[in-house]
Every structure is written in structure tokens, then in C-alpha cells.
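Produce the complete structure using the sequences and hints provided.
Line order of the protein sequences matches chains A and B. Start counting the first sequence at 1; every next residue gets the next number (this note's numbering). Start counting the second sequence at 1; every next residue gets the next number (this note's numbering).
Take these hints with a grain of salt, some might be off.
Unchecked claim - Below, simulated BS3-like cross-link-like pairs (lysine-lysine); rule was C-alpha separation at most 30 Å, straight line:
1) B:Lys475 to B:Lys9
2) B:Lys452 to A:Lys283
3) A:Lys300 to B:Lys69
4) B:Lys475 to A:Lys321
5) A:Lys283 to A:Lys300
6) B:Lys15 to A:Lys426
7) A:Lys283 to A:Lys321
8) B:Lys452 to A:Lys300
9) B:Lys482 to B:Lys9
10) B:Lys394 to A:Lys321
11) A:Lys429 to A:Lys350
12) B:Lys394 to B:Lys188
13) A:Lys300 to B:Lys482
14) B:Lys188 to B:Lys203
15) A:Lys300 to B:Lys394
16) B:Lys9 to A:Lys350
17) B:Lys15 to A:Lys350
18) B:Lys188 to A:Lys429
19) B:Lys394 to B:Lys69
20) B:Lys394 to B:Lys475
21) B:Lys482 to A:Lys350
22) A:Lys429 to A:Lys321
23) B:Lys475 to A:Lys283
24) A:Lys300 to B:Lys203
25) A:Lys283 to B:Lys482
26) A:Lys321 to B:Lys452
27) A:Lys350 to A:Lys426
28) B:Lys15 to B:Lys482
29) B:Lys9 to A:Lys300
30) B:Lys9 to A:Lys426
31) B:Lys203 to A:Lys321
32) B:Lys452 to B:Lys69
33) B:Lys69 to B:Lys84
34) B:Lys482 to B:Lys394
None of these hints come from the bench; they were simulated from the model. Being a predicted model, the structure only gives us computed values, none of them experimental.
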Amino acid sequence: MSRFTSILGADRRRMLSAVGAETVGELIASIPAGSRLERALDLPEAASELELVREAEALASANSAASLVCFAGAGSYDHFIPSAIDHILLRSEFYTAYTPYQAEVSQGTLQCIFEYQTMIARLTGLDCANASMYDGASAAAEAALMAIRATRRNRVAVSASINPRYLEVIRTYLAQGGFSMETVPWLPDGLVDYDAARGALAESAALIVQQPDFHGVVQDLRAAASLAHAAGALLISVTDPVAAAVLESPGAAGADIAVGEGQSMGVPMSFGGPFVGFMACRKELVRNMPGRIIGRTEDKAGQTGYVLTLQTREQHIRREKATSNICSNEALMALANTIYLSLAGESGFKEISLQCLSRASYLEGILSALPGVRRPFAAPFYREFVLEYPVEAAAIVREAARHGYLAGVPVPSLGPRALLTSVTEKRTKAEMDGLRDAIAGICREVK
Amino acid sequence: MSEGTIFTKSRCGRKGIDLPALDVPPVDPAAVFGAGSLRSAPAGLPEVSEAQAVRHFVNLSSKNYHVDKGMYPLGSCTMKYNPKMNEDLARLPGFTGLHPLAPEELCGGALQLMDELGRFLCEITGFEGISLQPAAGAHGELTGLLLIRNWHLERGDTARVEILMPDSAHGTNPASCTLAGFRTVNVKSNSRGEVDIDDLRAKAGPATAGLMLTNPNTLGIFESGIEEITRIVHDAGGLCYMDGANMNAMLGIARPGDMGFDVCHLNLHKTFSAPHGGGGPGSGPVACRDFLARYLPDPVVTRTGDGGPAMTRPERSFGRLLAFHGHFGVLVRAWAYIRTLGAAGLREASETALLNANYLKARLRDTYDVPYNDGPCMHEFVISGERQARAGVKTLDIAKRLLDYGFHAPTVYFPMIVHESMMIEPTETESLESLDAFVEAMLSIAREIDAKPHLVTDAPVNTPVLRLDEVRAVKELEIVEKWENS
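Pasting the structure below:
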């Protein structure tokens with residue numbers, strides 16, 4: 001008997017007798033003989049807790065990249081995570097609870113999500129937000145479908161400078177529904193070519209722009225908004241929440257929908273998941289929004305309480321006519337975001353953002369001063385930037401790892417020598433100087 | 001007592017974090033981007049100390065029911081115990097600190113774990129190909145349907161636009177069909193609660209892309225005609241998808257691959273013990289036959305020539321459904337669960353889940369109606385509150401009264417083919433004592449309905465709030481806290 005079950009032999013006999021069966025085997029009599037597995041599953045021997053801890057620790061320590069000083073970004077960022085977050089996430093009351101369908105015994109989860117929705121709406125400068133999506137990429141794809149529903153047009157225009165993985169997720173979601181996508185190129189300085197966008201926007205449901213974009217470049221969202229609106233399309237901003245603490249909010253810049261990745265706000269990188277997508281929109285669009293939404297109400301005695309609301313958009317009510325098939329979301333990660341933003345607060349979150357900006361600016365300055373290194377784009381960047389090196393980007397990543405650094409993520413679409421490097425508030429001047437020295441050496445040796 | 005929101009506790013100047021001093025020159029964002037590019041309004045985030053934030057969230061947590069506190073008889077949700085060790089393992093710094101785009105040769109442990117888990121899940125389902133990318137069950141459904149769609153399209157079979165599914169299907173099934181570009185065609189259930197084979201035969205044809213079926217179905221009944229069902233769909237030129245939400249009934253007992261299915265998803269946050277987290281994150285890996293594996297989303301983990309696992313893009317991949325490789329942290333928990341139980345332990349878990357469910361059904365069947373009660377159930381069963389409804393007490397009332405007794409409610413009003421339905425799934429991790437206590441609560445509620453029905457219709461009364469006004473929530477639609485800047 002495993003340590004997770006409690007039914008003893010004597011219990012089993014009593015229970016079988018209540019059921020009116022002789023053996024547990026009788027309970028599976030309805031399974032046709034041809035569908036029954038007549039052998040044991042071929043799996044490794046059961047491991048004790050102690051053995052398994054040793055085995056998992058060995059696997060974890062075989063991930064040498066986890067101990068490198070991380071300058072990689074591209075959608076996953078190495079921010080500091082205050083201890084208080086995990087202490088709260090590890091409360092059984094939160095992590096072992098089910099979806100809050102029984103509101104009277106789920107007020108903790110429900111109020112936290114209400115606070116989360118409020119923070120996301122305020123941060124994005126929009127009226128409302130949902131309870132979370134799987135990640136930033138799937139949130140962007142769902143936003144595209146939402147715009148298609150809202151405008152009854154069946155194509156979208158997407159800036160080619162959004163994260164290429166996001167682009168592929170959007171393309172995948174759209175293609176299957178029979179919708180099409182057109183990409184909008186960028187200009188030599190890194191800004192979206194809005195003249196080219198004009199053509200792509202005709203009859204489009206939305207224009208999708210990332211802020212800052214995949215190359216780290218800060219885009220002109222206001223121009224994107226007026227262009228999209230003039231064509232009768234919505235503007236969807238794929239928003240970095242950390243940059244949004246300082247840059248104009250997507251809502252104030254004119255975006256109709258803002259989506260993005262919440263991993264930067266208290267969620268570890270964990271090899272890419274679980275992350276958490278956020279989605280916010282103008283109030284006119286709320287009924288087209290996918291996913292769970294929490295609303296405030298009162299109980300029979302007039303006490304404030306929270307419930308799942310606008311459920312007639314969702315799959316368990318509307319079935320094939322639902323706004324999305326999403327059911328499980330990223331509730332616990334959204335809670336991590338809520339705690340993170342509560343701890344950081346208005347001034348702390350802005351300070352984190354400004355530290356990212358200042359540190360990234362310092363690193364870009366010392367790296368681009370190296371011989372043969374240049375930044376391909378003239379437009380300003382926020383917390384990550386692309387540089388072209390005299391040697392291949394993959395070689396820099398490989399060799400810098402020997403010095404203890406994860407130097408960045410190669411960007412093959414900009415050529416073999418382009419590397420995207422990202423800086424968070426965790427990176428010290430000493431680490432950045434160290435990376436510079438390592439890369440200087442690599443450029444000399446590899447050449 | 002209602003707890004004010006975190007915003008009501010905010011006072012300008014408090015903070016819950018501190019940062020190292022900036023050791024590089026500060027950059028003025030207005031100088032770089034122009035003042036017009038900066039935020040014109042504050043972000044409206046609360047300003048509280050760490051002590052206040054912790055107290056706020058701990059106080060809120062105390063208003064939640066959770067599986068570490070008591071039983072969740074939620075049908076089709078498999079609310080089993082979440083092993084503590086798995087939380088620690090998923091939090092090992094060698095896992096949490098790993099960037100998803102780090103060079104693969106420096107991520108060998110993570111890739112090995114993914115490769116092993118993929119092999120375990122293929123063995124458990126009887127399939128050859130697997131994607132660990134889907135983020136949840138519904139995401140897995142979409143993935144599986146896209147495999148089916150792309151297989152037909154590559155064969156030039158563009159007329160296959162319909163997915164057959166029973167009327168008892170979970171709501172995500174038809175919603176996923178729409179998202180995948182298919183049309184849903186409902187198949188009737190017969191008097192035993194199983195797929196009506198004649199109706200299936202009549203509806204399967206040249207427009208059939210496939211069948212989507214939960215097995216055991218949402219009544220907790222194994223489809224005894226499964227081999228004929230899958231044959232009919234295959235003969236019509238379609239493929240068969242199994243919704244694996246109820247896989248906890250069959251570990252080591254039966255495999256979808258052996259029943260004629262071509263593809264299925266698994267819910268790691270149900271069957272494989274990962275916690276529900278108050279609604280997520282989940283994880284919904286998709287396993288499939290060899291001939292479908294070439295369409296799986298990018299990337300999959302495979303063994304390379306020199307034996308080490310690596311990430312590759314399948315030859316005819318239909319694309320990508322998540323930015324990165326899947327919910328790795330959830331994969332670690334499922335891997336640890338399978339390694340802890342082994343083959344015998346997994347089978348024992350399912351057998352105990354069946355025994356627990358059948359025991360509850362036997363103890364409740366004299367007091368509550370049990371439709372479709374021809375034989376033993378699998379891991380769950382559905383009772384009907386119709387007898388109680390005739391006495392003026394609805395299933396919703398019974399569900400709310402259970403909260404007063406310290407239990408979570410069952411899944412109610414689903415499946416929709418049963419009136420006043422309550423779908424009960426105890427899972428294998430409940431002890432006989434807790435099963436008996438649940439039975440006593442259900443019998444006591446039935447007695448209350450006879451003697452003092454208002455106790456049930458007024459319930460709950462022992463919860464942090466009383467019954468909530470859902471109509472008002474929709475009408476007023478207050479989904480964010482108002483503030484002066486909004």
C-alpha cells in the first residue's frame with residue numbers, strides 16, 4: 001500500500017461486502033477482455049521518498065545552466081522573487097484548493113483574483129481584466145480571436161517584431177479556425193513600419209504590436225492605435241508589465257486589449273512553465289473576453305463577497321459557442337503576481353523597472369564599446385537589446401557559459417551574429433563587467 | 001467578516017520590498033524615450049509593508065476549503081492528495097532557475113526528466129508519440145483535435161469537418177472543436193448511460209473527422225461497447241480521441257491505445273497528483289499513435305543518435321500552442337508521483353478509487369436515486385436529487401448544506417442528461433473513516449429534508465459568507481476595484 005492511501009485489508013473486505021462483490025476485480029467486469037491490460041505496466045520500480053529526493057536532486061544539478069548568471073530574456077526573465085511569495089503559495093488553503101465554483105468556501109481565492117484583476121487593469125490602463133490565461137503567447141492568440149469576434153473580420157495584422165514564438169502561437173490558433181494573419185515589417189531603426197501596416201490593416205480585426213518588442217525596442221503605441229482605429233481595427237498590445245510601470249500604459253496609449261506574460265512578477269523561470277498570461281480590455285469588449293472573471297457582490301445578509309461571473313461566455317455553459325475552450329487557467333501563478341505587486345507597490349515596482357532600464361543601458365554601453373560590436377537598431381530599448389558581434393552568437397553563448405554567464409539568446413532572424421541580451425534588477429555592475437570581459441575574450445579568441 | 005481589499009490597506013510610503021542600491025549610473029526615462037512616452041497616470045498599486053501583505057493573504061487563505069482540510073467529492077475533477085515532497089522537488093533551484101532557452105546541453109537533467117515522463121505516459125496510455133506542451137486539459141483537447149485535423153488535411157480529405165461526441169461530454173469538448181475548426185455532432189446516450197451505437201452508426205460518415213469520448217464516461221461508466229465504437233468511427237474514415245479526464249479509473253487496468261483510440265490527453269493535475277492551485281496551473285500532455293506523432297506541436301523531446309534527449313520539431317508539426325515547452329514545474333510533480341508509486345502502486349491507486357466510489361454508491365443508493373445503476377461504477381458515479389426535489393429541496397441546496405457539514409460539494413448539474421445530478425468522485429486517497437463521514441452527512445441531509453427542509457434551503461450558514469447574489473454580480477458587473485484615476 002502506498003503512503004498516499006489508507007484502505008487496509010480489513011476495510012477492503014467490509015467495503016466489498018457493502019458493494020456486494022467478492023473481489024475488486026468484479027468492479028472492472030464492464031471493461032471488455034480485449035481492452036484489459038493483462039500485464040503490469042513497464043515502469044521503473046517504486047522509489048521511496050528518500051531515494052526519489054536523491055534522484056531528483058541529481059537531475060536538477062545536471063542542469064548546469066540554472067547556476068549561470070542569467071542575461072537571457074526573450075520572454076522569460078530572471079527577476080528576484082521575495083520569500084514571502086512562496087510562503088503564501090505553499091499554504092494548503094491556496095495550492096490544494098479547487099477552482100472556486102463553490103463561492104461560499106472559496107472567498108480567499110476569489111478575492112485574490114479580484115485583486116489580481118484590479119492590478120492588471122490598472123497597470124495596463126484598461127477597464128477590466130480576466131482571471132488569467134496560460135501564458136503570454138496563448139493570451140495574444142486568444143486576444144486575436146477575441147478581436148475577430150468583436151469586429152466580425154477574419155484576419156489580423158501582426159508586427160513582425162513581436163516574439164517569434166508568440167507569432168507562431170498566434171499563427172497556429174488562427175490557421176485552424178480558418179483565419180489569416182499578415183505580418184508588418186520593421187524599419188531599419190527598429191520601429192514598426194506603420195506605412196506598411198496601413199495596407200495590411202484593411203479589413204483586419206486587429207493590429208498586434210509588442211511593447212517593448214522582441215528586440216527590446218520601445219514602439220510608438222499611440223501611432224499604432226490611431227492607425228488601427230482609422231482602419232476600424234482594434235489595437236492589441238503585447239505588454240511587458242515591468243516596462244509598463246514606467247512607459248505609458250497600453251490603455252492610455254489607445255490599445256483596446258492588452259495581453260502579456262506575468263512571469264516577471266514573482267514566478268520562477270522553471271524551464272518555461274508554468275507561467276501566467278494576463279488579459280485586459282476596454283469595458284465594451286468584456287463579453288467577448290475568454291476565461292474566468294470574478295465579480296463583487298453581496299450575500300443574503302448583505303456582506304461583501306466574490307463570485308465567478310459572466311459565466312455565459314464560458315465553455316461549461318455555452319459549449320461550442322463559448323468565447324474559448326479555456327477551463328483550468330494559471331490561478332496560483334496569478335496569485336504570485338498579486339502578492340508580488342502588493343509587496344513591490346506603486347513605488348517599488350517603478351524602482352524595479354527603472355533599475356532594469358539603468359542596468360540594461362549600462363551593459364549595452366560597455367558591450368557596444370567593444371571592437372566590432374554594434375547595435376543594429378537606432379531606436380531606444382528598455383530592458384533588453386540586440387547586438388551584433390564579430391563572432392557567431394551561438395559561440396558567445398557556448399563560451400560565456402564556461403565563464404559562468406548565460407550571455408543571452410541568439411536571434412537567427414537578424415543573422416548568425418545577433419544576440420539578444422536582457423538585464424534585470426538582479427544583475428550587478430560586477431557581473432556585467434565580468435560578462436563584458438568574457439565576451440571581449442571570446443571575440444578575440446574565436447576570431 | 002469580510003476582509004477589505006489590499007487596496008484599502010494602502011498608505012503612501014509603505015513598501016514590502018527593498019532593492020540593492022543602483023551601482024550603475026541612473027537613466028532618466030524621459031531623456032531616453034521623451035516625456036510623452038511615459039506613464040501619464042500612476043499604476044494604482046497598493047503600498048503595504050511585507051508584514052501587512054502576509055497577514056492580508058493569510059487571512060484570505062483561511063476562507064478557502066482545500067483538499068488538505070477535507071474531502072472533495074468532485075466528479076471528474078479527481079481531487080486526490082497532493083504529495084508534499086513533489087512541491088519541494090519542483091522547487092529545486094536546478095529546476096526553478098533554468099531559463100527555457102538556455103543551450104540544451106546545459107539542461108540535461110530537465111530533458112531527461114521530460115523524456116522519462118513522456119515514456120511513462122506512453123506506456124500508461126498505450127501510445128507511441130507524446131507532447132508535454134499543452135497547459136491544461138482543454139489545451140490538450142485542442143492539440144489532439146489539431147492532430148486529427150492535420151492528418152485528414154495532409155491526405156487531402158478536406159470534407160471531414162465533424163466531430164462526434166456524446167451528449168454527456170464535458171463543455172470543453174465542444175468548445176475545443178470550435179477552436180479547432182470543427183463542427184460538433186451530438187450522439188445520444190442509451191438507457192444504460194453509454195453511447196447509443198445505432199445513433200453513432202447513423203451519424204458516422206464521410207464528414208466524420210473523428211470521435212471525442214471520455215472513458216469511463218461522465219456517468220462513471222466504462223463504455224462496454226468501446227471496441228465496436230472505435231471500429232465504427234475508423235470504418236467511416238475518422239479517428240478516435242479519448243478525453244483522459246477520467247484516467248484515474250484505469251491506471252494499469254486498461255489503456256486507451258488498446259481500446260482503439262488514436263490519441264488522448266491526460267490531466268496531470270487530476271490523475272497524477274499535481275495540485276489544482278485554486279484553478280490552475282494544470283498540464284495536459286497529449287499521447288498518440290505513431291502516425292499522428294509527426295504533427296505534434298513544436299518541440300517534442302526525443303533521443304538523439306548519441307542517446308541523450310534533445311528537443312526537436314516534428315516533421316509536419318502543426319505549430320506551437322505555448323511560448324515554451326510546457327508546464328515543466330507540473331511535469332516534475334507528475335514524474336515524482338509515477339516514480340513513487342511504480343506500476344503496482346498506480347494500479348492499486350485506481351483499484352482503490354473504484355472501491356471507494358462503489359462503496360459510496362452502495363451506501364447512498366437507498367436514500368438517493370441512482371440512475372444508470374446496472375452494475376458497478378468506475379471511479380465515480382452520478383446520483384439524482386429528484387426524490388429530494390419533489391420535497392422542494394434542490395440539488396443546489398444539498399450541495400450548499402454539505403459545506404455546512406465540512407465537506408466540499410460534489411459536481412452538480414452535470415452531466416446534463418441526469419436531472420438534479422450530483423457527480424461524486426471520492427478518489428483513492430480518502431480513508432474509510434472519511435468516506436463514512438461523508439455518507440453520514442448525506443444521510444443526515446436527507447433526514448433534514450424530511451423534517452426541517454429550511455435547514456437545507458437556507459444553507460450554508462457555517463461558511464465565511466452566506467449564499468451569494470450571482471444575479472447582482474452580473475448586473476452591477478464590478479470586476480475591478482474603483483479608484484479616482486479610473
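Hints and how they fare:
Between lysine 475 (chain B) and lysine 9 (chain B), the direct Cα distance comes to roughly 28 Å. Compliance with the 30 Å bound is thereby established for this hinted pair. Using a Cα cut-off of 30 Å, the hinted pair lysine 452 (chain B) and lysine 283 (chain A) is violated, with the two alpha carbons roughly 45 Å apart. The hinted pair formed by lysine 300 (chain A) and lysine 69 (chain B) meets the criterion: a straight-line CA distance of about 26 Å does not exceed 30 Å. Distance check on the hinted pair: lysine 475 (chain B) and lysine 321 (chain A) sit about 22 Å apart at the alpha-carbon level, within 30 Å; holds.
For the suggested pair lysine 283 (chain A) and lysine 300 (chain A), the alpha carbons sit about 28 Å apart, so the restraint of at most 30 Å is met. At most 30 Å may separate the alpha-carbon atoms for a hinted pair to count; lysine 15 (chain B) and lysine 426 (chain A) meet this at roughly 19 Å. In summary, the hint linking lysine 283 (chain A) to lysine 321 (chain A) is supported, as the alpha carbons are separated by about 21 Å, within the 30 Å threshold. Between the alpha carbons of lysine 452 (chain B) and lysine 300 (chain A) the distance comes to roughly 20 Å, so the proposed pair stays at or under 30 Å and holds.
A distance of roughly 14 Å separates the Cα atoms of lysine 482 (chain B) and lysine 9 (chain B); the hinted pair therefore holds under the 30 Å criterion. The suggested pairing of lysine 394 (chain B) with lysine 321 (chain A) holds, with an alpha-carbon distance near 28 Å, which does not exceed 30 Å. Simply put, lysine 429 (chain A) and lysine 350 (chain A) have alpha-carbon atoms about 20 Å apart, close enough for the 30 Å limit, and the pair holds. A hinted pair counts as satisfied when its Cα atoms are at most 30 Å apart, and lysine 394 (chain B) with lysine 188 (chain B) qualifies at roughly 26 Å.
Taking the CA atoms of lysine 300 (chain A) and lysine 482 (chain B), the gap is near 23 Å; set against the 30 Å cutoff, the hint holds. Straight-line distance between C-alpha atoms of lysine 188 (chain B) and lysine 203 (chain B) comes to about 10 Å, which keeps the hinted pair within the 30 Å bound. Of the supplied pair hints, the one linking lysine 300 (chain A) and lysine 394 (chain B) holds, its CA atoms being roughly 18 Å apart against a limit of 30 Å. Restraint check for lysine 9 (chain B) and lysine 350 (chain A): satisfied, since their Cα atoms lie roughly 20 Å apart, inside the 30 Å limit.
A hinted pair counts as satisfied when its Cα atoms are at most 30 Å apart, and lysine 15 (chain B) with lysine 350 (chain A) qualifies at roughly 12 Å. Note on lysine 188 (chain B) and lysine 429 (chain A): the hinted pairing is violated, with a Cα-Cα distance of about 68 Å set against a maximum of 30 Å. The hinted pair formed by lysine 394 (chain B) and lysine 69 (chain B) meets the criterion: a straight-line CA distance of about 26 Å does not exceed 30 Å. At most 30 Å may separate the alpha-carbon atoms for a hinted pair to count; lysine 394 (chain B) and lysine 475 (chain B) meet this at roughly 24 Å.
With a C-alpha separation of about 21 Å, the suggested pair lysine 482 (chain B) and lysine 350 (chain A) falls inside the 30 Å cut-off, and the hint holds. Taking the CA atoms of lysine 429 (chain A) and lysine 321 (chain A), the gap is near 54 Å; set against the 30 Å cutoff, the hint is violated. Simply put, lysine 475 (chain B) and lysine 283 (chain A) have alpha-carbon atoms about 14 Å apart, close enough for the 30 Å limit, and the pair holds. As the CA atoms of lysine 300 (chain A) and lysine 203 (chain B) are separated by approximately 48 Å, the hinted pair breaks the 30 Å bound.
A distance of roughly 13 Å separates the Cα atoms of lysine 283 (chain A) and lysine 482 (chain B); the hinted pair therefore holds under the 30 Å criterion. Taking the CA atoms of lysine 321 (chain A) and lysine 452 (chain B), the gap is near 42 Å; set against the 30 Å cutoff, the hint is violated. Distance check on the hinted pair: lysine 350 (chain A) and lysine 426 (chain A) sit about 15 Å apart at the alpha-carbon level, within 30 Å; holds. At roughly 22 Å between alpha-carbon atoms, lysine 15 (chain B) and lysine 482 (chain B) fall within 30 Å of each other, so this suggested pair holds.
For the suggested pair lysine 9 (chain B) and lysine 300 (chain A), the alpha carbons sit about 26 Å apart, so the restraint of at most 30 Å is met. For the hint pairing lysine 9 (chain B) with lysine 426 (chain A), the CA-to-CA distance comes to about 29 Å; that is within 30 Å, so the pair holds. Our distance criterion of 30 Å between C-alpha atoms is met by lysine 203 (chain B) and lysine 321 (chain A), whose separation comes to about 21 Å. Of the pairs offered as hints, the one joining lysine 452 (chain B) and lysine 69 (chain B) holds, with about 28 Å between alpha carbons and a cut-off of 30 Å not exceeded.
Among the hinted pairs, lysine 69 (chain B) with lysine 84 (chain B) is consistent with the structure: their alpha-carbon atoms are about 14 Å apart, no more than 30 Å. For the proposed pair lysine 482 (chain B) and lysine 394 (chain B), the alpha carbon gap of about 37 Å is over 30 Å, so the pair is violated.
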